[in-house]
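Visitor: Each chain, written out:
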Amino acid sequence: MSFKENPFLFIGISLIGFIILFTLITPLFYKVSPFEIDLENRLLPPSKKYPLGKDELGRDELARILYGARISLLVGFTVVFISAVVGLIMGLISGFAGGLIDEVIMRLVDILLAFPGILLAIALIAFFGPSLVNLIFALVLTGWVGYSRLARAQVLKLKEMDFITAAKAIGAGYLRILFRHLMPNVLPFILVQASLGIAGAILAESGLSFLGLGVQPPTPSWGAMINQGRNHLFDAPWLTIFPGIALLITILGFNLLGEGLRKIYTPKEWE
Amino acid sequence: MRRFLIKRFITSLIVLWGVSTLIFLLIHLVPGDPVQAMLGESALPSDIENLREKLGLNEPLFVQYKNYFFNLIKGDLGTSIVSGRKVSKEILSRFPATLELAIASILVSILISFPLGLLSALKKNSIWDISATTISTLGLAIPNFWLGPLLIILFSIKLSIFPVSGRGTLAHLVLPAITLGTALSALLTRIVKTSVAEELKEDYVKVALAKGLTKSKVLLKHVLRNALIPIITILALQIGSLLTGAIITETIFSWPGIGRLIINAINQRDYPLVQGVILFIAFIYIITNFLADIFYAIVDPRIRYETKY
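Protein chains in written order, with my numbering: chain A, 121 to 391; chain B, 52 to 360.
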């Protein structure tokens, strides 16, 4: 496959590769703590010594962006992984079992899909309090439904096929049919959806952290850093600009990767 | 059609019930005493007991649910703990500001997406097509909580064209509307481009051109008219999402709408108000989705015959 055939995939992989390498390699030679307060040097503009300047407490902005990348990627991958696994299992069960089980799961999915996921996440965090665990839980609670619908749709199609009838005929049990025959065929669809979901999860984490409902200080998160930077738009705009650039590159990278993968794996069924 | 409408209406009612039950369960699953959390650690036991009584929290859970549900049907969302005013009044006093912002952001997105989407569909692989793709890709990736402060730095601080925050004049509306409308512009540009490109492939376009109609007439009278169906539907479906997006935009620009109301309520642990705003946004979201479906079914008969509920 060439760049011309699928530019999204190549640009997406390059951007994500850049962010991951930047996050992994830079701390090897840039050994500055993201938590160390230095009030004498607060709001210092970018310089050779401090490439991205210092924040309102004199903490190093580059070190905090690097740490924030870990948080964003951690939340993005964790939320998508758990949501995909839960959604896959629920979708497999719902599609294969049919009847009342299918009805109950799908009505629950309908309710959760019927209003914006981020609103439910805000409600949950508002009542349970902001923390990293609650944030991940809130995003998973609304994130699994898309995967389950996708998995169910595939199972409904697959379970009428000859290979499943053959498996039943030779006496394969439900679990064997579900996990040995159906799951491998549903998985590619889930993976493509998951690659698109990472960007959404990272964006949701940053948005909630921006509102003070996500990662709590002093732990750096790009969303929270942009929010703190808002207090210094006049005197230190770089505090808003740099974390946003990191976030934009990451979201763009995952969005393009997802689009690229979608083109490769499921060209007809998706378009 | 009537059958479709009734079924779609019943589904919406079930979802409304489900959402309100979910919110009720959430608030009752809060670890510890929610009243203690609302009043803070230093609250007097008598104050805690009074508030518990006032909120009906001493009743059995089923009775609380019954009261909550019947009040909801009557439009009673409870009373704000901080202001002492009815939650529905608080919401209605703030909603016009949010509606104003939402309408302005829809206008911004239409102004950007229609020309761009049309040009890119008509002139494939041209500079217009490339810019439309780039703008829509960037627009979907740029977080509005970053775009807002960037616009403030550029247009309010550096160029002094628009005010930093607040509401009142048209100038106050410009930056918040762009911030909220950018993601929608990106989405709409894609939809306009795809639907127009699809319509251009249809036989009736060739027939119209063969009959001697001018290109612009075919485009405006036939193509755009048919392409508008999915565009308007998507736009209607996005109204609910705009309300959620408004929470962030209103926070950035100190816009006095329901978005800021809910964030203040969360910070002050005013649970009845939080619950009320969330229910209100969810209701609007469900109702607009319902209306969008009806619109779609009216203009495209295939939907009402094919959809099985």
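Note that these hints are calculated values from the structure, not bench results.
Please note: incorrect hints may appear among the correct ones.
Label pairs and their computed distance ranges (CB to CB) [unchecked claim]:
1) B:Gln319 / A:Ala273: 40 to 50 Å
2) A:Gln336 / B:Ser144: 41 to 51 Å
3) B:Thr220 / A:Arg350: 19 to 29 Å
4) B:Gln115 / A:Arg300: 42 to 52 Å
5) B:Ile338 / A:Lys168: 21 to 31 Å
6) A:Asp355 / B:Gly219: 23 to 33 Å
7) B:Gln115 / A:Gln336: 23 to 33 Å
8) A:Phe155 / B:Asn101: 58 to 68 Å
Heads up, the beta-carbon is just placed ideally off N, CA and C, and yes, glycines get one too.
Visitor: Please write out, lowest number first, the hints stated earlier that are contradicted by the structure.
Guide: Violated hints (numbers, rising): 2, 5, 8; every other hint is consistent with the structure.
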